[in-house]
Amino acid sequence: MKKSLIALAVAGAMTAPIVAQADATLYGNVEVELIMGDDTGVDLTAATDADAGYTGASDADLQVDDTILGVKGSSELENLSGVEAFYQLEVEFASNKNFDSSTDTGEVATRKALVGLDGGFGTLIFGRQNILAESVERMDKYAESFSTNQYFAFNDRVGNAASYVTPNFGGFEAYGQIVVDGEGDEDRDDVDGGIVGFNYSLGGFDLAAAYSEMDQMNADTMEVYGVGLGWAIAGLQLDATYEATEDNETGEESDMWGLGAAYALGDATIGATYMDFEYDDSGVESDEWGVYASYALGRKASVKAQYTSADVDGNSLENDDFDKFVLGYNVSF
Amino acid sequence: MLKLCSSAALGAVLLSASLSVAADEVPSDPDPWEGFNRAMFQFNDYLDRYALKPAAQGYRYVTPDLVERGVSNFFDNLQDVRTLANNLLQFKLHDAASDTARITMNTFFGLGGVVDIATPFGLAKHDEDFGQTLGYWGVPAGNYLVLPFFGPSTLRDGIALVPDSYLDPVGEVDHVPTRNSLYGARVLDTRAGLLKAEALVSGDRYLFIRDAYLQRREYMVNDGRIDNEFDADDF
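Each protein sequence line maps, in turn, to chains A and B.
Heads up: the first sequence at position 262 corresponds to 262 in UniProt numbering, and the numbers run straight through without jumps.
Heads up: the second sequence at position 189 corresponds to 189 in UniProt numbering, and the numbers run straight through without jumps.
Read the hints as simulated data drawn from the structure, not as lab findings.
Just so we're clear, the structure is a prediction, and the values are computed from it rather than from any experiment.
The C-beta atom is built at its ideal place from N, Cα and C for all residues, glycine as well.
Keep in mind that the hints are not guaranteed to be accurate.
[What the hints assert, rightly or not] So the derived list for chain B, only partly shown, Cβ under 10 Å to chain A, looks like this:
1) SER98
2) ALA101
3) MET105
4) PHE108
5) THR119
6) PHE121
7) GLY122
8) LEU123
9) HIS126
Just chain A, same shape as in the assembly (with noise of 0.2 Å):
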């Protein structure tokens, strides 16, 4: 029995290894933070108080903002020579519900489930992914600042997507990225959107445009163009935004443009942004400026203190103030 037992251990031990081999790699994030604010869920580029989920309301709230686990790997294609496959799944869980329960019941959010191709023809990524046209938003530096989800005009990810990345050449890579959908909107299109773009880089200084048309749940189509500039000097980062979009149902274009900068020392950081949002027919007009820190307490964990403050002009929120600070703990594996 003894023996048996013994034999079982060795068996694990060795077991360890060859999982390894698999070359899958296990990966999360938990962050958790302390956001004292204006009501943190408003809209402020809403053009009323009732779209806006504006309550007038400050509170404290003690939330994890990322809980995310994932699993990636790849492998070499013995059939395909110099090619590799690779795939990526990463879920997001809901922790902040029922604070008086002994388990959060919010659902489980997939954010990327993809599989890929990468080789010297370039990198092919199929399924749900990152936007790839993301590369323009250089100042999204705030987690839960107003204007990260609200004055940026591309969403985090995109699913049902086939995307083609170039080589790079020289600092220099090209993509296009299409949807694929065969339901949720009106039209009967094959291709629900599509999204090319380039990156550049060359010593500190990076460039990136992108554009996007992309189906909305009716026929028409939104569209986005976006440019991102960045300079890195001396411990410096320097970053600007300039984003522009068109409903082409409602006619309604609506512009951003943000500036931000970043200074190292050592493993503190410290920046400040600033962000202006402006739509074109319903004359709102929002800004937010904003100041970091943010600290490496070692590779996989870090603290923040971000302070951001947004002002809206042009609907009857504009007499309001919406400042929110926030304090944050991240740990990564």
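Please build the complex by placing chain B on the supplied structure of chain A, with the hints as guidance.
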């Protein structure tokens, strides 16, 4: 009265004493107002001997070291605000960025400044005030001047105490008893921190502290870069 006492000036009085300096190295006559200064020095010394020092000794006696350290860190963190502003005024942008990171880290993750976690994190503490800023801009120190309550200073550094007072977060506290308690606690903390350094003072206390103060200020204005005249001597 305690409210008037500037921790910075008090700190300079005795911290500077730790620098042993030969009096004959001070150029020309830096102290034409010696008569007035000696009188003020006597006044301050009297005040210190019979009020401040006994209070500081009592504070050290009854307070655990851990608490003393926390109190010191708390006031050091507030002082970093002054340092940050003066680093900006001296265009030391890297240091100013570091001060910002220090203040943010210690305030929000160091229990309001009670724990100095920024220093072990690699964000070194700086010490800048408006007197140093004026010196950096080229304003000469002027005559040596002993201020009542505030201690050793110069014409330049004395005037510079005024703008620095606007950079003191304690002054922003609206609740007067709280503000005065903070002033008092800071004076005690500063004085208690200097008790050990007193033993280094030798000879004429007035001359020792004057020369030590002037040399230390020059050292601080130049951020440690002092023209070394050692090799220029005729030997």
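Going through the earlier hints one by one, which of them does the structure break, listed in rising order? 5 and 9
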